[in-house]
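A.B. asks: Protein chains in written order, with the numbering used here: chain A, 1 to 246; chain B, 1 to 246.
Read the hints as simulated data drawn from the structure, not as lab findings.
Just so you know, even glycine gets a beta-carbon here, dropped at the ideal spot from N, CA and C.
Treat the hints with care, since some could be wrong.
[What the hints assert, rightly or not] Computed Cβ-Cβ distance ranges for the label pairs, DEER-style:
1. A/E187 - B/A54: 43 to 53 Å
2. B/E29 - A/G38: 39 to 49 Å
3. B/Q224 - A/Q103: 46 to 56 Å
[What the hints assert, rightly or not] Computed, partial: chain B to chain A, Cβ under 7 Å:
4. Q10
5. N24
6. P137
These are the residues of each chain, in order.
Number of protein chains: 2
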Amino acid sequence: MVCVILVNPQMGENIGAAARAMLNFGLAELRIVNPRDGWPNEKADAMSAGALEAMPPVRVFGTLQEAVADLHFVLATTARLRDMVKPVYTPPLAVQAVQEREQQGQSAGFVFGAERMGLVNDDVALCQGIINITTNPDFSSLNIATAVLVMAYEWMRAQAAPVQTGAELHRKDSPPALQGDLEGYLERLLAALEGTAFFRAPEVVPIMKRNIRNIFVRADITEQELRTLQGILSALLDRGSGRSPP
Amino acid sequence: MVCVILVNPQMGENIGAAARAMLNFGLAELRIVNPRDGWPNEKADAMSAGALEAMPPVRVFGTLQEAVADLHFVLATTARLRDMVKPVYTPPLAVQAVQEREQQGQSAGFVFGAERMGLVNDDVALCQGIINITTNPDFSSLNIATAVLVMAYEWMRAQAAPVQTGAELHRKDSPPALQGDLEGYLERLLAALEGTAFFRAPEVVPIMKRNIRNIFVRADITEQELRTLQGILSALLDRGSGRSPP
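Based on the provided sequences and hints, a complete structural model is requested.
C.D. replies: The structure is reproduced here in structure tokens:
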């Protein structure tokens, strides 16, 4: 399963246009995080030219974290390359990566930011990679529905003529962790760190959290690895709770 | 030079969205044939997000024939495959064909029909080939700006990573005829045919004209060949005007 996730979209027209573009090119799962004007939205319905009725019901979430909790692989479209270490995909390579995941039974998502603002760094930090759409440097501002269209079009384009790739499918016996499970681990880890000397100044806590999250998200860890991490954390917490070192 | 030609567009919003999509992906020459609401158009300006101001002035024409008169190679985007013998291109192959023309100093155009109606057969007959954009068969109706976007995106995509083609560039010493020159020839030919037994019933004349035009357009003839055709026509007319056969 592959879904499109719009974060904080403002204009209903853009949501509708995005839905129409998705369904034109065979993507049918739309998720929306915190739409400015609520949901459902009449302007979105009108602009979708019937797409919103024809596709499965849109799912609305309060945060991007919740919206990606049941996905394995999430990529953020963003015009600016961030101050974060993430793999950067072109649209066709992003589609290829998602198709490889799908063949392994994994679910994936393409994430799009709001009009003008785009995605904030904390949203990007939740994603395993960045999709960079090449545009005219002198006129680069893409409408949100345009960015969705590019990815949907690339999706259909790859279905029509599958990319021949010699890359071996990997990790078949050890699927990647669900995003929600990873977030659970991160929450647990961060809660454990709070109040320690590690969180020296309160103002750096959010940045520190993001940096930690980036490490684990970028690592694209497996279920087995996540169980190991949880076990390690449990062991450390257990140890700190009173038992003396061996 | 590559231009986008919109035929009989109705909504200014769609013209504006098409202009924005074009400039986002590096296409800057927009021509409009017979826009329903005239030109300039405030809604188009607003929707273009500055693209119409940033690109060269839009050129407006009364007919598609006039709009393509100074072009060498013209392709029509159309959802339905017509009852005409034309080469059918995918979007990437269309871009590749146009790039090869451009490398030979030729000018080209992508033609798009009106909302709902699309292009009429007489418009398609003016074009050397058809571009077919693969869509979801259950939801295939593309917004006009979406179709423009797909071609503009493919244009930028090919610039970013040029298609490696082993196909040899041909006809370097014998450029293809300008569309306007070919039309001049066709008009002359058709005028010559009118009133002859060849045009038996008046109701079939338009179809016959279209079929003749298709033959020559499909042949993608060179300047030299056109001069030859004109010479042949002159000779025949001259002969019919009184001189006896040798």
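A.B. asks: Check each numbered hint from earlier against the structure, then list the numbers of those it violates in ascending order.
C.D. replies: 4, 6
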